[in-house]
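Chains as they are written, first to last, in the working numbering: chain V, 1 to 440; chain P, 1 to 440.
I should point out that these hints are in silico values taken from the structure, not numbers from a laboratory. You can trust all of the hints, since none of them are fake.
Capping the alpha-carbon separation at 27 Å, the derived lysine-lysine pairs in DSS-like fashion look like this:
1. V:Lys227 with P:Lys25
2. P:Lys176 with P:Lys93
3. V:Lys437 with P:Lys93
4. P:Lys437 with V:Lys93
5. P:Lys48 with P:Lys165
6. P:Lys301 with P:Lys343
7. P:Lys227 with V:Lys343
8. P:Lys111 with V:Lys111
9. V:Lys93 with P:Lys435
10. P:Lys343 with V:Lys18
11. V:Lys343 with P:Lys18
12. V:Lys172 with V:Lys62
13. V:Lys432 with P:Lys79
14. V:Lys288 with V:Lys250
15. V:Lys250 with P:Lys435
16. V:Lys343 with P:Lys23
17. P:Lys432 with V:Lys288
18. V:Lys79 with V:Lys62
19. V:Lys48 with V:Lys165
20. P:Lys18 with P:Lys168
2 protein chains.
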Amino acid sequence: MVKLRVYVKREGETMTIKEQARKMKLDSSKMAVQPIAARNRALVAVAKSLLDNQEAIIAANKEDLETGQNAGLEAPVLKRLKFDENKIQDVIKGIEELINLPDPLGRAQMKRELDSDLSYVRETCPIGVIGVIFESRPDAMVQIATLCLKSGNCAILKGGSEAMKTNKILFKSIYKAAIDSGMPEGCMLQVEARNEITELLECHESVDLLIPRGSNSFVQYIMSNTKIPVMGHADGICHIYADKDMDVEKAVKVIIDSKTQYTSVCNATETLLVHRDGADKLLPELNKAFLAKNVEVRGTKEVRDIIECEPATEEDFATEYLDLIISIKLVEDVYEAIEHINKYGSHHTDCIITENTETEEIFMQYVDSAGVYCNCSTRFADGFRYGFGAEVGISTSKLHARGPVGLEGLCTYKYKMHGNGNIVADYAEGRKAFKFKDLM
Amino acid sequence: MVKLRVYVKREGETMTIKEQARKMKLDSSKMAVQPIAARNRALVAVAKSLLDNQEAIIAANKEDLETGQNAGLEAPVLKRLKFDENKIQDVIKGIEELINLPDPLGRAQMKRELDSDLSYVRETCPIGVIGVIFESRPDAMVQIATLCLKSGNCAILKGGSEAMKTNKILFKSIYKAAIDSGMPEGCMLQVEARNEITELLECHESVDLLIPRGSNSFVQYIMSNTKIPVMGHADGICHIYADKDMDVEKAVKVIIDSKTQYTSVCNATETLLVHRDGADKLLPELNKAFLAKNVEVRGTKEVRDIIECEPATEEDFATEYLDLIISIKLVEDVYEAIEHINKYGSHHTDCIITENTETEEIFMQYVDSAGVYCNCSTRFADGFRYGFGAEVGISTSKLHARGPVGLEGLCTYKYKMHGNGNIVADYAEGRKAFKFKDLM
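So here's chain V without its partners, still in its complex pose (with noise of 0.2 Å):
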């Protein structure tokens, strides 16, 4: 069935970056119209050739760490970067899990007839072309090819190149199986030299997205550098606002996970705002918790009235941490509260605490984020825990997917209409009028 034309690669012969990319554009319908039967077949094909090739991906990964402890890595990086037994036990979790999930395309949004003859159906399809650029961690690998495959988009990706012998036996692990289980060939595209991400950037003709995951100075430069959409984030820099209904006790749990429960990731808090009239509860109790967690306090000067700690400047509102420090600030009310999330936030995650229901009504409606919680921590902005299975990053954009982005952030839609030799003249010059209704 499948009979557009495959380019085959000859022996010897090279293409570009921009070139297979073009290719892989044109040819991206085929991977497209996979059924999901022939996409789930792939994922447990997958799965089956990670176990397999388990032995040598694991000895890649040992020639990675190897290379990285040379080259002086920080431990924390070393232990992202380890991609072990227990690591592909997990990753193969995940596929099972993605397997299980409903297929993402074919679905019909809308249905409507314009006429007794003439009807369209709004469908979701895949985007197309993804490409993808993430951090040291190979589990990335794993999960951001086999997304595409289960939402039929093909993929270009880059790894790390602390972890380039790990990708690349993943890589030729997964893209194998997914060919040889009847995936289009060219459906994926390992990209490996840093200066190939240059030509990448430029393949705003074949690429459709872009998803950068990186340090905030890392995407922005892809941001700035390219004429492809980009979906993702740059910083996260999340508030909590302790309300002065709030139950301190769970301001203190909740703070102090938000702040401590993981730091270098984009969902951790940054910022605390407290309620002048529940500083005085909260802060000395909050206190000993970060201590008790070395965490750094930098308050402004009414909050050094209250506690020890550092002093805040303008800056540190401004600044992601990605560890142990945490500014605070008083405010006047709930609203002061918003003004400050709204302007030097990322939009990404923000909580209220309050017991409070109207406060919390306000505050979900006014603070202009991604996600707005009430009353739990912002470590809970995740893909996995949003019941996604997966998720290939969080975005901070309005367009598109924000937040935790699974399958439905990489798929489109597209109108399919059906008619009967219908004309807009009909209906331009008043021989016809339209009838819309909705059959959905």
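Knowing the structure of chain V, use the given hints to seat chain P on it.
What follows is chain P alone, placed relative to chain V:
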């Protein structure tokens, strides 16, 4: 209730576009929280204001028309520029339809329980600040401003300079009516000078979305010179593929409408692809119809063997004529037609003429366009004809909104999560487990 500070511009004080856009962004949540009753009340006031100011609007438009005539503007441009009593009636009717459309905001798209005391709802909300740069038709000013009002978005509007006087009084009438009926001050801004466009393009920290409407080169210029996400389309190279199993009568009717019903628009057909086994029966008859409508035909050698016409070059297939010209090429089968369309098309709207449902299905699945049609005119690709009431434009982007964009395309969503002191550590360390129960 709306307690956020309102910035009141003092007499004589001037702000740059960037400063005004920043202020609009920071205040945009005040617009976002306006209840539907208030937004509809504002729309009623806008319609009344346009009627009340009818004479002054028509007088201003006459001045624009005179200036245009003196400057030697062509007849079609002058026709589009004209804004008389009938046009005012039309836009008022449009506003009345908009008032009757359901509220696009605050709609629950998902509701999920993560645990017994932790759940979220994903709810639609406005995008925030929309910048629209549009062409000479003054109707566009009214349509776009009222679509933004209904969807709770702030808007920065820049109309064509030919319509400057008309736009000025239209904007004044709309804005004053909106403010007087309770919309927040500063929710709309008119940009008038051409050089202010450059400044607007730099407002990526404040403007969430740019919608340019105009010529291909103008839209390309916008896309290449801003970091703001752009929605719209540069060109519209729409195709019709006439299959061997077509009904010739339907084919002629649909092709003539698609090419000639209105030529200077993005959804007019520019290229016809014909199955080799259907060319003999279709082309001679079609050519007669083209002749009667003064359409210039450009065909490949194979086409010229059947009918007399101009030669078509490679360049023709990549050209949006926007004129009474059509290029024609014969193809081997539906797959070659698909390949041609995905390569040369602009992913706007493409149609197959066939009575064979299997061939139709292949075309609908493989063609990578916002609209894929069977047996009806490509001219149906339009927000009004899709039943959206009105449109801000047509998007050929794969992200966010695709095809005609109405109220829904001006909205995004946010996740509102409500907990009871829930922390991630409990789930990460195995003391609690997610339940993931969908509540809708």
